[in-house]
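Novice: Each chain is listed here by its residues.
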Amino acid sequence: MIRSEPHIFAGNPLDRAAHLRKDPDTLNALMANPESRMLPVWQLKTLVTSGPATTLAWQAIDGLADGAASDEVIFLGLDGDAGRFAVGIGDEADPAEAGLLKGAGTFEEVRGLASRLPANETSIAAQARTLIGWHDRHRFCAQCGTPTVVSDGGYRRDCPNAACGGRHFPRTDPVVIMMAVKGDMALLGRQAFWVPGMFSTLAGFIDPGETIEEAVRREIFEEAGVHVGDVLYHSSQPWPFPSSLMIGCIGQAESEELNVDTREVEDAGWFTRDQVRTGIELALSGPPDDGSFHLPFPASIAHQLAAWWVNNG
Amino acid sequence: MSHSPHTFAGSSLDRTANTRREPDELERLIGLPESHFLPLWNLRALVTSGGEPRLAWQPLGDLAAFAGADADLVFLGLAEDGPRFTAGVKGEADPAASDPLAAQGTFEEVRPLASQLPADEAAILAQARALVDWHDRHGFCAVCGAPTKLGEAGYQRACQNDDCKALHFPRTDPVVIMLITRDERCLLGRNSRFPTRKRYSALAGFVEPGESIEEAVRREVFEEAGIVVGRVSYHSSQPWPFPSSLMIGCVGEAESEEITVDPVELQDAIWLTREDVRSCFEGADHVSADGRLEIPPPDAIAHHLIKSWVDGSPTS
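So the protein lines, in turn, are chains Y and V. Sequential numbering from 1 applies to the first sequence in the working numbering. Sequential numbering from 1 applies to the second sequence in the working numbering.
Looking at chain Y on its own, in the form it has when it is part of the complex (with noise of 0.2 Å):
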């Protein structure tokens, strides 16, 4: 890849020791293990210290897990020699507020912690974001719709019903966002729910039967009307809002005319790398509130994408 920095939402510290998930025993004994923690999520919130420094607030495992609402139990991997699990919990009250986790911290938004967080911990809550967000909406076969119950460590629901065993795993979407490039002009867009004069790289959903360039070129050719030749990887980034994989993108534009879908994008044109670079600044120093032109924030990769460009496309 082009950036050699992790974005925000990756960089995940742990060890996944994926070849535990099959083994029970000794993930038993990780739960056993009184230096092992667990990570609470509530509503697809995060608990986190509350204090100035905010980190995950990882709870000692003895009675969370009998507290928590479901027997969803996830192992998102091994630091050192304990283990670290994430466990989501159902109650509807905050169970911050009163009960088992009373003053341990609050819970928060995921994507509001992205730039609080230590970089590194921004993956571990995405990584469990994303598996707890996928339990929670996928609790039946989809083949059959029959209830089904978990397995590896979290990673795979099984279908309990003999005629049909179907075995379901996480799903991971991917996207691709790009900045379609000429010469010195950069290509954006905007959505209409978004605050006044911040306009961001195109993006959509990679399509059954799709590379990742044909994406590219479709999205940018279906959204803008614009064509575009050569694609260059550039970085990707997990995404955890659901469960979006972000592969981060230049395109080659081959056309200028725009031809907008205002049903995809609010409005798209062209800008100088003079007005991005402008652009960026302005998100680094806040979001400006008189309307004028910027980037997204920093943890975003479309900010990381128009970042590269300015100073190197």
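FYI, nobody ran anything at the bench for these hints, they're computed from the structure. C-beta: ideal position from N, C-alpha, C; glycine also. Do not take every clue at face value.
[Stated by the list, open to error] Pairwise CB distance ranges (calculated):
#	chain 1	residue 1	chain 2	residue 2	range
1	V	Arg182	Y	Pro24	31 to 41 Å
2	Y	Gln252	V	Pro100	45 to 55 Å
3	V	Arg28	Y	Gly99	55 to 65 Å
4	V	Arg197	Y	Thr55	46 to 56 Å
5	Y	Pro147	V	Gly68	22 to 32 Å
6	V	Gln160	Y	Ser151	26 to 36 Å
7	V	Gly61	Y	Pro24	50 to 60 Å
8	V	Glu184	Y	Gln252	31 to 41 Å
9	Y	Leu284	V	Ala289	52 to 62 Å
[Stated by the list, open to error] Computed list of lysine to any residue pairs in SDA-like fashion (alpha-carbon distance at most 25 Å, straight line):
#	chain 1	residue 1	chain 2	residue 2
10	V	Lys149	Y	Thr146
11	V	Lys149	Y	Arg167
12	Y	Lys102	Y	Glu92
13	V	Lys149	Y	Cys144
14	V	Lys149	Y	Asn161
15	V	Lys149	V	Phe169
16	V	Lys90	V	Gly145
17	V	Lys149	Y	Asp158
18	V	Lys149	Y	Gln143
19	V	Lys90	Y	Gly145
20	Y	Lys22	V	Asp262
21	V	Lys149	Y	Arg171
22	V	Lys307	V	Gly291
23	V	Lys165	Y	Pro147
24	Y	Lys102	Y	Trp58
25	V	Lys165	Y	Arg137
26	Y	Lys22	V	Phe206
27	V	Lys90	V	Gln104
28	Y	Lys22	V	Glu223
29	V	Lys165	Y	Asn161
30	V	Lys90	V	Thr106
31	V	Lys149	V	Arg171
Following the hints, complete the assembly by docking chain V onto the known chain Y.
Specialist: For chain V alone, coordinates are given in the frame of chain Y:
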């Protein structure tokens, strides 16, 4: 890469994805006499018999006779000579033995067919197979267990339970496949599913939740072969519709040499020089001159990752 050499890439159809959300336009396309569909039976595709096989497109008017009046019909896109759809059936009786498909061709497995079809037809077939298989295995809502119904021209299934109404979309599973190199050698492995004992290929594995492509490359190589990987470069990508993978081809630089094979994942992993591998590209069977090594055929991205390295241009 600007021009992918990969089998299953390079479709000539215009997917016109917006049409999926325009029921009136879709109805109009379905009503056109030049609209055709590709029949699948047990995920095999109907192709012409005699001579070079071609996708055996059928008039859309014959859909109900093939798949029933309420068949799941998937819109593939627009060809120069009209709209293209696909629909699949399952069962024991070969539909090519009776009307409306009698004498229209034979149903063939997609993988061996791919290298016999023109490149753009193989790509259309990848799209059709991935989507028909997804519908086959997603007749029920994963959120509540109620039956689902096809929507958005085949790119969605909607839960029919009014208390749920969850929408489900086709899945594409990103897989990293990587050639690991160190100095003048590359790392290849073999697993128990390979067709011959001398077959070796690039290592591969699914990208996990909360993981970048580069992290997945490093994790998989360390898990399977115990090799530490540093810099990772992207090479190219390939749709792989068995059932719904996106192969993301990379080249990675090893920072260690000692191999520790995970016997659950691999039977063997070895370091090979360019000379060890080069002769595999000279014969039609992709076996080395000394007969000891076989690499995957050109329909697999691994073939091209290895070839790029042997030819001295490891990255795009």
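Novice: The structure should be examined with respect to each hint, and the outcome stated for every one.
Specialist: Hints and how they fare:
1. V/Arg182 with Y/Pro24: 31 to 41 Å: 37 Å, holds
2. Y/Gln252 with V/Pro100: 45 to 55 Å: At roughly 47 Å between Cβ atoms, V/Pro100 and Y/Gln252 fall inside 45 to 55 Å, so the hint holds.
3. V/Arg28 with Y/Gly99: 55 to 65 Å: 58 Å, holds
4. V/Arg197 with Y/Thr55: 46 to 56 Å: 51 Å, holds
5. Y/Pro147 with V/Gly68: 22 to 32 Å: 29 Å, holds
6. V/Gln160 with Y/Ser151: 26 to 36 Å: With Cβ atoms ~28 Å apart, the hint holds.
7. V/Gly61 with Y/Pro24: 50 to 60 Å: 56 Å, holds
8. V/Glu184 with Y/Gln252: 31 to 41 Å: 33 Å, holds
9. Y/Leu284 with V/Ala289: 52 to 62 Å: 58 Å, holds
10. V/Lys149 with Y/Thr146: Holds - the C-alpha atoms of Y/Thr146 and V/Lys149 are around 17 Å apart, at most 25 Å.
11. V/Lys149 with Y/Arg167: 21 Å, holds
12. Y/Lys102 with Y/Glu92: Holds, because 15 Å separates the two Cα atoms, which is no more than 25 Å.
13. V/Lys149 with Y/Cys144: 14 Å, holds
14. V/Lys149 with Y/Asn161: The given pair, whose Cα atoms are some 22 Å apart, holds under the 25 Å limit.
15. V/Lys149 with V/Phe169: 12 Å, holds
16. V/Lys90 with V/Gly145: Given that 25 Å is the threshold and the Cα spacing comes to 22 Å, the pair holds.
17. V/Lys149 with Y/Asp158: 23 Å, holds
18. V/Lys149 with Y/Gln143: 13 Å, holds
19. V/Lys90 with Y/Gly145: Judged against 25 Å, a Cα distance of about 19 Å means the pair holds.
20. Y/Lys22 with V/Asp262: Status holds; Cα separation ~14 Å.
21. V/Lys149 with Y/Arg171: 21 Å, holds
22. V/Lys307 with V/Gly291: 18 Å, holds
23. V/Lys165 with Y/Pro147: Given that 25 Å is the threshold and the Cα spacing comes to 18 Å, the pair holds.
24. Y/Lys102 with Y/Trp58: It holds: about 14 Å lies between the C-alpha atoms, which stays within 25 Å.
25. V/Lys165 with Y/Arg137: Answer holds: V/Lys165 to Y/Arg137 is near 12 Å, not above 25 Å.
26. Y/Lys22 with V/Phe206: Given that 25 Å is the threshold and the Cα spacing comes to 16 Å, the pair holds.
27. V/Lys90 with V/Gln104: Roughly 18 Å between the alpha carbons, so the hint for V/Lys90 and V/Gln104 holds.
28. Y/Lys22 with V/Glu223: Holds, at roughly 14 Å.
29. V/Lys165 with Y/Asn161: 24 Å, holds
30. V/Lys90 with V/Thr106: Distance of about 15 Å is within 25 Å: holds.
31. V/Lys149 with V/Arg171: 16 Å, holds
Hint compliance for this structure: every hint is met.
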